[in-house]
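Sequences are here, hints too, so could you generate the full structure?
First to last, the protein sequences are chains A and B. Take 1 as the starting number for the first sequence in this note's numbering and just add one per residue. Take 426 as the starting number for the second sequence in this note's numbering and just add one per residue.
Possibly wrong hints are sitting among the right ones.
What the hints assert, rightly or not - Taking lysine-lysine pairs in the DSS-like style, the calculated list, with each CA pair at most 25 Å apart, reads:
(1) A:K148 with A:K91
(2) B:K604 with B:K511
(3) B:K511 with B:K590
(4) A:K398 with B:K604
(5) A:K398 with A:K299
(6) A:K318 with B:K590
Stated by the list, open to error - Which chain B residues stay away from chain A? Per the calculated CB distances, all over 12 Å, these:
(7) F489
(8) T497
(9) G501
(10) T522
(11) Q549
(12) D551
If you're looking for bench data, these hints aren't it; they were derived computationally from the structure. Glycine is no exception: its CB is placed at the ideal position from the N, C-alpha and C atoms.
For reference, the chains in residue letters:
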Amino acid sequence: MSSGSEAAATTRRRLFAYTGAVGAGGLVVGGAAGALTRSSATSDNSGNSNNSDTVPAADAGNEQLAFYGAHQPGIAAPVQAQGWLTAFDLKPGATAAQVRSLMQQWTKIAAAAMAARPLSEGDDAMAYGRGPGALTVTVGVGASLLTKLGLSHDIPEALTPLPTFLGDEIDAASSDGDLVVLVAANDGLVAVHALRAMQRAAAASVATQRWQLGGFGEASGILPSPTATPRNLMGQLDGTGNPKQGTASFDQTVYVPADGGPTWMRGGSYLVYRRIRMLLNDWDSLDRGAQEAAIGRDKLTGAPLSGGTEFTAPDYEKFSAAGSLLIPPGAHIRQASAESNSGATILRRPFSYYNGLRADGSPDAGLMFLAFQADPATGFTVIQQRLSGADTLSTFIKHEASGLFAVLPGCEDGGYLGQALLDSA
Amino acid sequence: MNIVRKAHGGTPRRIATAALGLALVAGSVSACGSSSSSSSASSGFVVNSAPSSLFDGDELTQPFSKPDVTLTDSSGQQFNLVQGTKGKLTLLYFGYTHCPDVCPTTMATLAATLRSLTPAQAAQIDVVFISSDPTRDTPAVLHTWLGQYDPAFIGLTGGFTTIQKAAGTLGIDIEPPVKLADGSYSVTHGAEVIAFDAKGKGYLVYTAGTTVPQFQHDIPLLLAGRDE
Numbered sequence: 001m002s003s004g005s006e007a008a009a010t011t012r013r014r015l016f017a018y019t020g021a022v023g024a025g026g027l028v029v030g031g032a033a034g035a036l037t038r039s040s041a042t043s044d045n046s047g048n049s050n051n052s053d054t055v056p057a058a059d060a061g062n063e064q065l066a067f068y069g070a071h072q073p074g075i076a077a078p079v080q081a082q083g084w085l086t087a088f089d090l091k092p093g094a095t096a097a098q099v100r101s102l103m104q105q106w107t108k109i110a111a112a113a114m115a116a117r118p119l120s121e122g123d124d125a126m127a128y129g130r131g132p133g134a135l136t137v138t139v140g141v142g143a144s145l146l147t148k149l150g151l152s153h154d155i156p157e158a159l160t161p162l163p164t165f166l167g168d169e170i171d172a173a174s175s176d177g178d179l180v181v182l183v184a185a186n187d188g189l190v191a192v193h194a195l196r197a198m199q200r201a202a203a204a205s206v207a208t209q210r211w212q213l214g215g216f217g218e219a220s221g222i223l224p225s226p227t228a229t230p231r232n233l234m235g236q237l238d239g240t241g242n243p244k245q246g247t248a249s250f251d252q253t254v255y256v257p258a259d260g261g262p263t264w265m266r267g268g269s270y271l272v273y274r275r276i277r278m279l280l281n282d283w284d285s286l287d288r289g290a291q292e293a294a295i296g297r298d299k300l301t302g303a304p305l306s307g308g309t310e311f312t313a314p315d316y317e318k319f320s321a322a323g324s325l326l327i328p329p330g331a332h333i334r335q336a337s338a339e340s341n342s343g344a345t346i347l348r349r350p351f352s353y354y355n356g357l358r359a360d361g362s363p364d365a366g367l368m369f370l371a372f373q374a375d376p377a378t379g380f381t382v383i384q385q386r387l388s389g390a391d392t393l394s395t396f397i398k399h400e401a402s403g404l405f406a407v408l409p410g411c412e413d414g415g416y417l418g419q420a421l422l423d424s425a
Numbered sequence: 426m427n428i429v430r431k432a433h434g435g436t437p438r439r440i441a442t443a444a445l446g447l448a449l450v451a452g453s454v455s456a457c458g459s460s461s462s463s464s465s466a467s468s469g470f471v472v473n474s475a476p477s478s479l480f481d482g483d484e485l486t487q488p489f490s491k492p493d494v495t496l497t498d499s500s501g502q503q504f505n506l507v508q509g510t511k512g513k514l515t516l517l518y519f520g521y522t523h524c525p526d527v528c529p530t531t532m533a534t535l536a537a538t539l540r541s542l543t544p545a546q547a548a549q550i551d552v553v554f555i556s557s558d559p560t561r562d563t564p565a566v567l568h569t570w571l572g573q574y575d576p577a578f579i580g581l582t583g584g585f586t587t588i589q590k591a592a593g594t595l596g597i598d599i600e601p602p603v604k605l606a607d608g609s610y611s612v613t614h615g616a617e618v619i620a621f622d623a624k625g626k627g628y629l630v631y632t633a634g635t636t637v638p639q640f641q642h643d644i645p646l647l648l649a650g651r652d653e
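Below, the structure is given as structure tokens:
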């Protein structure tokens, strides 16, 4: 947000004094811990200044991320409580001009909804009275979009389709797509309000929905500390090895650099999506020691089995007195480590899903795996090539859907997402 | 030749002693990076210790002949190694798809190397992966696993004793996979890529940890023919 007056004009609820905190157009997310900037207390609540690391429940709905900036904010933001990933395909005959118009509409919706302002067109009041809820809207495009628009020459090498990995059971109909939107917030209704507006805009113009997956992360304030690593449905801490925000290596890992190519992706990122079903019944049959051996970490503390605390660097060469590797050869953290994969690192930002039972009686549950990186060929692909054969954990999961998308750079007030690609198209 | 016995499921790592009677020229091999794991422990080859070697790989004074072995390729067809790779620079590796250490890295390195070459150069090269775990590495498994890296890679599987014998002619001593009490496997695999020139002579070996630039350096030289 760069305009306080804009925000002050209309708001769904009482205007909180967030604009000063949000600052002049930059990302709100920042700092070593990547904590959200939170709105300050209301004037009638001024005695209750929010100076702790935890968010009082009453304030949780007021967390706001700035939409405008060099990068789309949904990449670096902490995982929210609810998220939906939705893919669209262009209707036959759709033109670049029509896609440009849709991107402009989506940009308007994202900017307004992330600030908890009413939508300028056809707001359904679904989120009336609610705060921003740390909403993020993140938009990407698939290689197929560029092909359909006659822009094949603009397809980055990084959008080369992922190979089929050993063990893949990918359902094509719930994979890929011309456009993808990740909408996430600490409140389901806030997220769906924005998503539904985007779906309406797409359906009314050029795109039909291809597939959707919903998932959940952490409710604000539920973790032991704001910087604690989340867990997944296997009960394991998931994300300990992520690059740390506010570091140069984070930016190098995640974003296409300012001198990178193609020019329309500078400041963007590449999203690898995998719907990874967890074979939870099989997993549950393992005792805790076997589960820890599959992962390579203590289940409760997250410490590597070579010792220390969660953030102690694993010692992959350390042996027990009996002569076995403390972190077993097939342990997930060994196989996924940068050391095992020519330095490959990715930013994992997954949601969990838990959607009832399959026909065979097993839970349809797992990970909406979302990984951001500057180059999938040296990121996800290198890691998954190794994991598919060697990772013990791979015997307890199934990759069932897949997608590779160019997540567009952020935009400035007055611009729109995808402008550098579509203005010239 | 060294063998590396992979320690799965808690078995201590063991490295068998060189058994071929080849004298090791200690030290002074060219500076191939080696990985931090024991799998790269390389010895047993007679290498050319001359510091003036053109190659980044370890040059052998007594080249190997390409094994004349017939196995099953990843499409299920019979494949004779000598006939099937005739006239090609052949990069040969013995490994297995469940390998937790150097096999995936080696394949990724070779794939990245080939991607960096011109199509004309790449067309003169065959990468051959022979499974040391042929029961689990069916043609279909090899097809998918190698396809992750490069669909043109040749994967071969077959009877273990046939594979063991072929490896043995190259000084690579592999042993039958053993299923351990805890359900995991102990599988041996080679630690080096052996490069055979277009005439079928294998006189360069690349230890685990050899980098893409090192392969990029040597491949044009190998394609040009040995400088003798």
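Taking the hints in turn, this is what the structure says about them:
| no. | hint | result |
| --- | --- | --- |
| 1 | A:K148 with A:K91 | holds, 10 Å |
| 2 | B:K604 with B:K511 | violated, 36 Å |
| 3 | B:K511 with B:K590 | holds, 21 Å |
| 4 | A:K398 with B:K604 | holds, 24 Å |
| 5 | A:K398 with A:K299 | holds, 21 Å |
| 6 | A:K318 with B:K590 | violated, 34 Å |
| 7 | F489 | holds, 27 Å |
| 8 | T497 | holds, 18 Å |
| 9 | G501 | holds, 17 Å |
| 10 | T522 | violated, 4 Å |
| 11 | Q549 | holds, 23 Å |
| 12 | D551 | holds, 19 Å |
In the structure shown, a violation is registered for the earlier hints numbered 2, 6, 10, in ascending order.
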